[in-house]
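A.B. asks: Chains as they are written, first to last, in my numbering: chain A, 1 to 180; chain B, 1 to 180; chain C, 1 to 180; chain D, 1 to 180.
None of these hints come from the bench; they were simulated from the model.
Among the hints, erroneous ones may be present.
Identical chains blur together in the list; that is why a pair holds if it fits in one copy or across any two.
Unchecked claim - Restricting the straight-line Cα-Cα distance to at most 27 Å, the calculated cross-link-like pairs of lysine-lysine (DSS-like) are:
{"hint": "1", "residue 1": "K170", "residue 2": "K136"}
{"hint": "2", "residue 1": "K170", "residue 2": "K84"}
{"hint": "3", "residue 1": "K136", "residue 2": "K156"}
{"hint": "4", "residue 1": "K84", "residue 2": "K136"}
{"hint": "5", "residue 1": "K170", "residue 2": "K132"}
{"hint": "6", "residue 1": "K136", "residue 2": "K167"}
{"hint": "7", "residue 1": "K84", "residue 2": "K132"}
{"hint": "8", "residue 1": "K167", "residue 2": "K84"}
{"hint": "9", "residue 1": "K156", "residue 2": "K170"}
Keep in mind it's a predicted model, so treat the numbers as computed, not measured.
Here is how the chains run, residue by residue.
Number of protein chains: 4
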Amino acid sequence: MSMVNETENIGSWLTDDQIEFIRDRLPILYIDAIPIRTDDLGNVTQIGLLLRGMPDGSISRAMVSGRVLYGERVRSALIRHLEKDLGPTALPQISPSPTPFTIVEYFPDPSISGFHDPRQHAVSLAFVVVVKGDCKPSQNALDLIWLSPEEAQSEKVSSEMTGGQSKLLKLALAHMGVIN
Amino acid sequence: MSMVNETENIGSWLTDDQIEFIRDRLPILYIDAIPIRTDDLGNVTQIGLLLRGMPDGSISRAMVSGRVLYGERVRSALIRHLEKDLGPTALPQISPSPTPFTIVEYFPDPSISGFHDPRQHAVSLAFVVVVKGDCKPSQNALDLIWLSPEEAQSEKVSSEMTGGQSKLLKLALAHMGVIN
Amino acid sequence: MSMVNETENIGSWLTDDQIEFIRDRLPILYIDAIPIRTDDLGNVTQIGLLLRGMPDGSISRAMVSGRVLYGERVRSALIRHLEKDLGPTALPQISPSPTPFTIVEYFPDPSISGFHDPRQHAVSLAFVVVVKGDCKPSQNALDLIWLSPEEAQSEKVSSEMTGGQSKLLKLALAHMGVIN
Amino acid sequence: MSMVNETENIGSWLTDDQIEFIRDRLPILYIDAIPIRTDDLGNVTQIGLLLRGMPDGSISRAMVSGRVLYGERVRSALIRHLEKDLGPTALPQISPSPTPFTIVEYFPDPSISGFHDPRQHAVSLAFVVVVKGDCKPSQNALDLIWLSPEEAQSEKVSSEMTGGQSKLLKLALAHMGVIN
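Isolated chain A, as found in the complex (with noise of 0.2 Å):
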């Protein structure tokens, strides 16, 4: 669910001592974040899905996500990890409702929620995020690609996900209402 080298990137006033003293004890505050591409009706046309590194060491298709920082609203959260993996130009439109559609409970035991995160609990407020402008895959996501959302739901894209991330996606496109 996040870069494998996060704390590195954005937690630098952590150390990996300290951050790992902290998953050990508390759930983590975490953003998952869905970037689409809309018609003029608002109807999703495209999804986007990043290929990256992920926690349990694996390459797989994954949502943008990560950590809320100390002080940070889950607004600004949400755009710097847009920005982060889709590059300065992606030009996300961040909902004016701050409801997530859906929480995700990501625990080091798979079999807890369906949702696997080997090094944390972790929660994570999930948003579906439309974005605007030019994305291409930045810092430590290897590719991006556009699905239709018959692609996005299809067995081969869910096997290329780990983690729980393809079911993260189906609750996003259900709460779209373009579930198969």
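Knowing the structure of chain A, use the given hints to seat chains B, C and D on it.
C.D. replies: For chains B, C and D alone, kept in the frame of chain A given last:
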């Protein structure tokens, strides 16, 4: 909740007698839309309020509102009514989720739900819609003002609205997390 | 999405000719309800599916569904249709929030939205409703089965539903976070 | 938003120094719960408000609130805090949907979001929870009162709440469609 002579504008295949007949027998499906402007983080900065003739004959601050037509998608009805009231260059950004933030039940008897339409029982799907373009009041709207979230929930503004519109406005503000 | 001869049951002041006339001219307001049972933590454990005659003449697994009447609150319509289909001792627990988890647009042309009703354009407010009491299929429902979330999204069950009901069921499961 | 000495009650494996350390470095995950009673149609009839010591040292009307622990499901945290504050026979009915009706961002600086916690940056998932059983204030809660929706949004009640709790209460009332 709608234009006084809407039946002439958009339901041309329904005569006045026919719409009269139906209004006495079935709830009529409406949409309500609260046009807003946001900053780069998605925070609402301004709420647009029309001034227009209301079903009860008063002139009142009001939302964008109107019927869903036979065969029409809810998304299309939203766009149509927003463009009818705000002009063709308003550039409304319809959300990818089809779910309204609330539903509003208007009755001829104002005591039932607090939402009042003397003409009919109407059930309205209510949406907050970000507009990105130039807006000007058109057709039956006499005026359009833009208010801050603070101003929009002031007693002065509430007193200029009838039929439960001030309550709907507060529900929209709460949905965006900005109620006082 | 509704009983074949619903007009006789609940719209007694509308003759067949009258409902015919209206159905050709306006979208009709419906509710869909997915009855569920939950454990002590609120996790869905079982989903109730009816077996009944459908608008297209087929016998199909289906949700609780029906029209909102003139003058009727949406909450009352929910209770009425749940009791009509599940019996008077079902004890439905209607949510304090009036907002449906999704809206469903049924059209005579099945290609428009993926939801199909050959008789009419209907817009349905869809709710998940916990039932606490004893349920038995009543009136036009031929049978009632309770399925686990896993079973409810199996291909076998999906193949027993028509008109988009399997899609609506998946939207409800996703709303509860239990889609595969 | 939480009991003054909560760390002693529920985070026994975190020393005061440890929780201090973490609170200066990461947002802490909370839940807020607004207990309500409903009528047979699901309309809210009463809202439960506690009286208790607040993080800022005041005695204030407040919601049920508290931390999510390491390894704990959000649903379990909800039940735990509701039973802690309302007693073991409150019979809270947790919703089948995992999505909060809003999120609340508490900051040591009250000007950032309007929600204030002098001890920490906390992000809270806020839920309305129907309770069916007997409630009595327990542990650190000094009192529990039940208010009508009208009373709950009165200026008198608002003036008895600190830290943004009156705003959260209004967001909950709006979510249920009963704001004035």
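A.B. asks: Indicate, hint by hint, whether the structure satisfies it.
C.D. replies: Results for each hint:
1. For a Cα distance limit of 27 Å, the shortest separation of K170 from K136 inside one copy, 23 Å, qualifies, whereas the shortest one across copies, 33 Å, does not.
2. For the identical chains of this complex, K170 and K84 are intra-copy neighbours only, at 24 Å inside a copy versus 33 Å across copies, given an alpha-carbon limit of 27 Å.
3. In the homo-oligomer, the alpha carbons of K136 and K156 lie at most 27 Å apart inside one protomer (23 Å), although the nearest pairing across protomers, at 41 Å, exceeds that limit.
4. Within a single copy, K84 and K136 get their C-alpha atoms as close as 10 Å, which meets the 27 Å cut-off; across copies the closest is 37 Å, which misses it.
5. In this assembly of identical chains, the alpha carbons of K170 and K132 lie at most 27 Å apart only when taken from the same copy (22 Å versus 29 Å across copies).
6. Taking CA atoms no more than 27 Å apart as the test, K136 paired with K167 passes inside one copy only; the shortest distance there is 24 Å, against 33 Å between copies.
7. Both within a single protomer and between protomers do K84 and K132 lie at most 27 Å apart by alpha-carbon distance, with minima of 16 Å and 25 Å respectively.
8. Within a single copy, K167 and K84 get their C-alpha atoms as close as 23 Å, which meets the 27 Å cut-off; across copies the closest is 33 Å, which misses it.
9. When the C-alpha separation of K156 and K170 is checked against a cutoff of 27 Å, the pair qualifies both within a copy, at 14 Å, and between copies, at 20 Å.
In the structure shown, no violation is registered for any of the earlier numbered hints.
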